Amino acid sequence: MITLDFLENVEVFKELDDNQLAEVQKYCRETEFSRGDKIFGAGEAPRYLWVVMDGQVALQWELPGRSALPETTITTLSEKMTFGWSSLVPPYKYRLSAYCSTRTCKVMQIEKDALINLFEQDAEIGYKVMIKLLSVVGSRFLNLQDEVAKRRGSDIMNQW
Amino acid sequence: MTILYFLKNVDIFKGLNDVQLTQIQQGCREKEYHSGNRLFAEGETADRIWIVMNGQVDLRFDLPGRPTSEENTIFSITATSTLGWSSFVPPYQYKLSAYCATRTCKILQIDKEFLFNLFKKDFRMGFLIISNLAGVASTHFHQLQNSATGPPSSAITITVHMATCGIAAGAREVMTALMEEIYSSGRQDIRVKSSGCIGKCPTEPNVTVEIGGEEPVVYQKMTPEKICQVFQKHIIKGKVQEDYKLI
Numbered sequence: 446m447i448t449l450d451f452l453e454n455v456e457v458f459k460e461l462d463d464n465q466l467a468e469v470q471k472y473c474r475e476t477e478f479s480r481g482d483k484i485f486g487a488g489e490a491p492r493y494l495w496v497v498m499d500g501q502v503a504l505q506w507e508l509p510g511r512s513a514l515p516e517t518t519i520t521t522l523s524e525k526m527t528f529g530w531s532s533l534v535p536p537y538k539y540r541l542s543a544y545c546s547t548r549t550c551k552v553m554q555i556e557k558d559a560l561i562n563l564f565e566q567d568a569e570i571g572y573k574v575m576i577k578l579l580s581v582v583g584s585r586f587l588n589l590q591d592e593v594a595k596r597r598g599s600d601i602m603n604q605w
Numbered sequence: 066m067t068i069l070y071f072l073k074n075v076d077i078f079k080g081l082n083d084v085q086l087t088q089i090q091q092g093c094r095e096k097e098y099h100s101g102n103r104l105f106a107e108g109e110t111a112d113r114i115w116i117v118m119n120g121q122v123d124l125r126f127d128l129p130g131r132p133t134s135e136e137n138t139i140f141s142i143t144a145t146s147t148l149g150w151s152s153f154v155p156p157y158q159y160k161l162s163a164y165c166a167t168r169t170c171k172i173l174q175i176d177k178e179f180l181f182n183l184f185k186k187d188f189r190m191g192f193l194i195i196s197n198l199a200g201v202a203s204t205h206f207h208q209l210q211n212s213a214t215g216p217p218s219s220a221i222t223i224t225v226h227m228a229t230c231g232i233a234a235g236a237r238e239v240m241t242a243l244m245e246e247i248y249s250s251g252r253q254d255i256r257v258k259s260s261g262c263i264g265k266c267p268t269e270p271n272v273t274v275e276i277g278g279e280e281p282v283v284y285q286k287m288t289p290e291k292i293c294q295v296f297q298k299h300i301i302k303g304k305v306q307e308d309y310k311l312i
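Top to bottom, those sequences are chains H and A. If you use this note's numbering, the first sequence closes out at 605, no skipped numbers anywhere. If you use this note's numbering, the second sequence closes out at 312, no skipped numbers anywhere.
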């Protein structure tokens, strides 16, 4: 059971009041993964927005047909952090892959279609969640920039 | 062209009605830049959004202590596209630098605070604009992924002509479909650029494909389906799609 106490501290739901949180709560479900399990893969069509409840999740930058290497992890997420932002942003394709990186991890999945419907019916919830979600995209952009800088090295980067 | 008419076609205002666009219009400021002028630099405080009205703006990943160079351009944007989503994301600093890449370019600026005040009174407007801005940030994320995986000098260049006429005809959808094809193929030797009108408005969206030293091929009236076919058959297999060629 996902509690309102947990939801109100999730980064993308921080602006919502109790009534609004209760609306979101209806579409939340808890699930568990073990170390190395792939939660989703880059390029897949998303069904859920995800939140870490316990343990850690690694976001990896993969190219199709290539296996993930440890150094491709662009960031590791812990409790109350959101991932899978592409579920709510066109063209609705995961840009990164997500793996469980601790012995086990507990994550919350929220039906993307139900969320989009909810936003259509109640624009205030939509606005308050999307402005926080935009920040999540911004943080990933910074993670990616760091990785790009690391990969390329300044000399090579200069030749782009 | 009135500003209101222009605003209707701007990427982040998709879905807004005329009343909402009229309110936004009141916060718009026009500015002009010349070739090489910097609009903003990475790390500067982000407090407004920037919409290209005409000309081209290059977004660059400048390196500390080095002069800026076209080589560092991650992507270019043209009319009706928006920059400055960082204004809505803590710590409110630009993540890339932006330069005027044509002889002149005209920009519309709108202050973040002005928009926030509108959003407080109209959540629906806030929801639509912030969702559209997330779409812009997502595209930039994808462009950064693509430019970083390509080698320094790509063997293949695909140019999507994205002036207002091209965008009205569906060039943005063509660009999105193309990016997805490239991503799915895992190819790292393809560079995608956007550029202005080639003076063939009735045949927009136009796309130019340049492979190695071969003669460039210009395709006309592209759609997401047609560009996928061009990608699979011409770019991957080397067979020019004569039916879609611009004559």
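A portion of the hints provided could be inaccurate.
[Claimed, not checked] Listed next, the in silico DSSO-like pairs over lysine-lysine satisfying Cα-Cα at most 30 Å (straight line):
#1 A:K298 - H:K538
#2 A:K185 - H:K577
#3 A:K286 - H:K538
Don't read these hints as lab results, they were simulated from the structure. Since the model is a prediction, treat every value here as computed from it, not as a measurement.
Going down the list of hints, with the structure as the test:
1. A:K298 - H:K538: holds (24 Å)
2. A:K185 - H:K577: holds (15 Å)
3. A:K286 - H:K538: holds (26 Å)
Checked against the numbered hints given earlier, the structure satisfies every one of them.
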